[in-house]
Amino acid sequence: TQLLEQSPQFLSIQEGENLTVYCNSSSVFSSLQWYRQEPGEGPVLLVTVVTGGEVKKLKRLTFQFGDARKDSSLHITAAQPGDTGLYLCAGARSFQKLVFGTGTRLLVSP
Amino acid sequence: KAGVTQTPRYLIKTRGQQVTLSCSPISGHRSVSWYQQTPGQGLQFLFEYFSETQRNKGNFPGRFSGRQFSNSRSEMNVSTLELGDSALYLCASSLGTIGSHEQYFGPGTRLTVT
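Residue numbers (the numbering used here), protein chains in the order written: chain A, 1 to 110; chain B, 1001 to 1114.
It is possible that some hints are incorrect.
Derived, one-sided and incomplete: chain A residues facing chain B with beta-carbon distance under 10 Å [what the hints assert, rightly or not]:
#1 T51
#2 G52
#3 A92
#4 L98
#5 L107
Treat the hints as calculated values from the structure; they're not laboratory data.
Values in this document were obtained by computation on a predicted structure and should not be read as measured data.
In this text, a Cβ means the ideal position worked out from N, Cα and C, and glycines have one as well.
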């Protein structure tokens, strides 16, 4: 059973466009992380959100944790080719294993 | 601070053989987790070790095993390899304490079983 569903699965856009990736669950998490993975490499941690309703900004990336701590979103403004990659959300509960989302593959073309 | 290192980076094995993968965590991190990543199944959790003890385990057969040493370095072993074991195996380290869920991944070991 996949506890974290991401949408969309694939996204192909032009440089300069905006986009939003969603990460949804029926479970409550104590924290949620977002990672980006490039081909042949391991995922790289982008951000951790902990408080319901929390919004964090990382340059052109905006992350939001849902009020009920069951969902999250990642918004990218003016996407660039360097944003291309696989975006993964991951939810954490106490000492339980980290649960990863299904992933969103983003391709930004010049 | 040095990141997570994994060796080897690439490996080709034959069906039926066994393989051992190694992971060195970030200095000071006591938790090491292993994941299998395939195009079809995504990132799947194998197991987590904390202070030399297995703390969590995923839904993988007993052919997959691991251990952690006193210096937090970890090894993962897969016996009787099957074609379906071909994947990118990722190791991630974290502090492992309450609230410290951020994981830092190594570059992975690409295992190909022929």
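Each hint, compared with the structure:
For A/T51, the shortest C-beta to C-beta distance to chain B is roughly 12 Å, which exceeds 10 Å, and the interface hint is violated. Interface restraint check for A/G52: the shortest CB-CB distance to chain B comes to about 16 Å, outside 10 Å, so the restraint is violated. For A/A92, the interface hint holds, since its Cβ comes within 10 Å of a Cβ in chain B; the closest pair sits about 4 Å apart. Evaluation of the A/L98 hint against chain B yields a held restraint, the C-beta minimum of about 6 Å falling below 10 Å.
For A/L107, the suggested interface contact is broken, since its CB lies about 16 Å from the closest CB of chain B, more than 10 Å.
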